[in-house]
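Q: These are the residues of each chain, in order.
There are 2 protein chains.
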Amino acid sequence: MFKEIDSVQNKIIKEVISLNIKKNRDKKGLFLLEGERLVSEAKVEDIEYIVISKSYKGYVPKVNKGYVISDVLFSKICDTINPQGIIAVCKSFDYKIKDIKLENNPFFVMLENVMDPGNMGTIIRTADAAGVDGVILSKGCVDIFNPKVIRSTMGSIFHLPIYRNVELGECIKCLNKKNILTIGAHLKGENTPYNTNLKNGCCVVIGNEANGLSDEISNLISSLVKIPMPGMAESMNAGIAAGILIYEGVRQRLGE
Amino acid sequence: MFKEIDSVQNKIIKEVISLNIKKNRDKKGLFLLEGERLVSEAKVEDIEYIVISKSYKGYVPKVNKGYVISDVLFSKICDTINPQGIIAVCKSFDYKIKDIKLENNPFFVMLENVMDPGNMGTIIRTADAAGVDGVILSKGCVDIFNPKVIRSTMGSIFHLPIYRNVELGECIKCLNKKNILTIGAHLKGENTPYNTNLKNGCCVVIGNEANGLSDEISNLISSLVKIPMPGMAESMNAGIAAGILIYEGVRQRLGE
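Chains as they are written, first to last, in the working numbering: chain A, 12 to 267; chain B, 12 to 267.
FYI, nobody ran anything at the bench for these hints, they're computed from the structure.
Errors might be hidden in some of the hints.
Intra- or inter-copy, both count: the list cannot distinguish identical chains.
[Claimed, not checked] Straight line, CA to CA, 30 Å or less: simulated DSS-like cross-link-like pairs of lysine-lysine: (1) Lys102 to Lys65; (2) Lys237 to Lys87; (3) Lys54 to Lys25; (4) Lys150 to Lys189; (5) Lys87 to Lys112; (6) Lys150 to Lys54; (7) Lys150 to Lys14; (8) Lys73 to Lys237; (9) Lys33 to Lys87; (10) Lys33 to Lys199; (11) Lys150 to Lys109; (12) Lys107 to Lys14; (13) Lys159 to Lys109; (14) Lys76 to Lys237; (15) Lys210 to Lys34.
These numbers were taken from a predicted model, which means no experiment stands behind them.
Between the sequences and the hints, there should be enough to build the whole structure, so can you do that?
A: Here's what the structure looks like:
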């Protein structure tokens, strides 16, 4: 049986609330998973403990440590508007860029300073759908353990390697050396995704929502591509641009 | 010179605040445009009046009616976190589905009950970038004059016809009769976007974020397509699915 807690002053409750802040997540190496779907995607051994509301009736992972709190208290500690009634406090994880596998025509997605949690989560979800081999993130990207990112990934956070805090310049040089084509979405790109060969090893690179790719990174990339915009809009949402480029890769790789 | 207002009780301020609610927008036929970029996209004759903060230094449209308020009051009435200092109260507009032009291989996007303001705005922006001829919305879609939708469109709301509150079933029957291919994104689709001909008149149909397309609509559509998902994710964000399908249309239509 799980222990009951009824005070917002309890240290478990305080810890859960504190994990909405990046600094605290980094310090403790923990992050929050909210909702049955996301909790069910985590490995049980990675869950430190769970907190459920009294009326919760869904899936409960077989963990040793768990707490039951009132529905009112639960909705107070939750980031979502209609909480389902389960939160898992989970160990955060890390993939080291030095362990990345560059053989067999890999397909990567690299993000430079993507700041919007919804964009980040959606891009990770799309990369997962596309069967991408890994997502490479610059230091300036939003934290992937931010609850809004986690929610937007719909569980994809657990499905593919995500390399964080990567020195992108060094990484691109290394990819170029290994003949993995780096392709950056850029409004001044001279190629299109459609006349670019994405069938062999390649890495799609997307920049910041407001500023696009930095000059430093643009200069290192093998090919800058512009997504054609025959209409009137001058630019595109970063998540959509990523989706279009990733799926042009999928199309070419499926031989369609 | 514009009139100064210093009370939150002023009827202009009250009207601006009230326009964050759909019911009030519908009743008055007005909506809000926040920020220099969006205000600059509106036709001056469609702007009822503007409200600017005392420290605002950017573009001001040549309108007859305007009000100046303190920066503190401005930030109180604003939906955005870092307001730029200009809001326009603008006449809402309407395109009638009976006026839609079906000649010359048109390219449409149709949305059934897309509820998320960010998705709606992003899809309109992507449709605009792609040069789509019109966006057709079911009654159950989020209001396009919702400030979050407007913001996500980045001005594209003004660039292409948007048909609202459309009876989609009737519309699809009409498109089918005119040989405009209706293509619905569906997890059970038997075709892919890549083996579907989007070069002639066509309409891409996207369903609700959680439930996809309804059975009623799926049954009327000419071709249900599944976006290939070789990875582990089971589904895709509605905005991304729309972007991938719209841009497969762009690719085919550009002959690439």
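Q: Evaluate each hint against the coordinates.
A: Going down the list of hints, with the structure as the test:
1. Within a single copy, Lys102 and Lys65 get their C-alpha atoms as close as 24 Å, which meets the 30 Å cut-off; across copies the closest is 49 Å, which misses it.
2. In this assembly of identical chains, the alpha carbons of Lys237 and Lys87 never lie at most 30 Å apart, being 45 Å within a copy and 40 Å across copies at closest.
3. For the homomeric pair Lys54 and Lys25, the shortest alpha-carbon distance inside one copy (24 Å) is at most 30 Å, but the shortest distance between copies (51 Å) is not.
4. Within a single copy, Lys150 and Lys189 get their C-alpha atoms as close as 23 Å, which meets the 30 Å cut-off; across copies the closest is 52 Å, which misses it.
5. With identical chains, the CA atoms of Lys87 and Lys112 are never at most 30 Å apart, being 43 Å at best within one copy and 51 Å at best between copies.
6. Taking identical chains as interchangeable, the C-alpha atoms of Lys150 and Lys54 lie at most 30 Å apart only when both belong to the same chain, with a minimum of 27 Å there against 41 Å between chains.
7. Taking CA atoms no more than 30 Å apart as the test, Lys150 paired with Lys14 passes in neither setting, with 39 Å inside one copy and 47 Å between copies.
8. In the homo-oligomer, the alpha carbons of Lys73 and Lys237 never lie at most 30 Å apart, since the shortest distance is 49 Å inside one protomer and 36 Å across protomers.
9. Taking CA atoms no more than 30 Å apart as the test, Lys33 paired with Lys87 passes in both settings, with 19 Å inside one copy and 28 Å between copies.
10. Proximity of Lys33 and Lys199 under a CA criterion of 30 Å is satisfied in neither setting, with 35 Å inside one chain copy and 39 Å between copies.
11. In this assembly of identical chains, Lys150 and Lys109 lie within 30 Å of each other by CA distance solely inside one copy; the values are 16 Å within and 52 Å between copies.
12. In this assembly of identical chains, the alpha carbons of Lys107 and Lys14 never lie at most 30 Å apart, being 37 Å within a copy and 60 Å across copies at closest.
13. For the identical chains of this complex, Lys159 and Lys109 are intra-copy neighbours only, at 28 Å inside a copy versus 41 Å across copies, given an alpha-carbon limit of 30 Å.
14. Taking the shortest Cα distances, Lys76 and Lys237 never come within 30 Å of each other, neither inside one copy (51 Å) nor across copies (41 Å).
15. With identical chains, the CA atoms of Lys210 and Lys34 are never at most 30 Å apart, being 40 Å at best within one copy and 51 Å at best between copies.
The structure fails to meet hints 2, 5, 7, 8, 10, 12, 14 and 15 from the earlier list, while all remaining hints are met.
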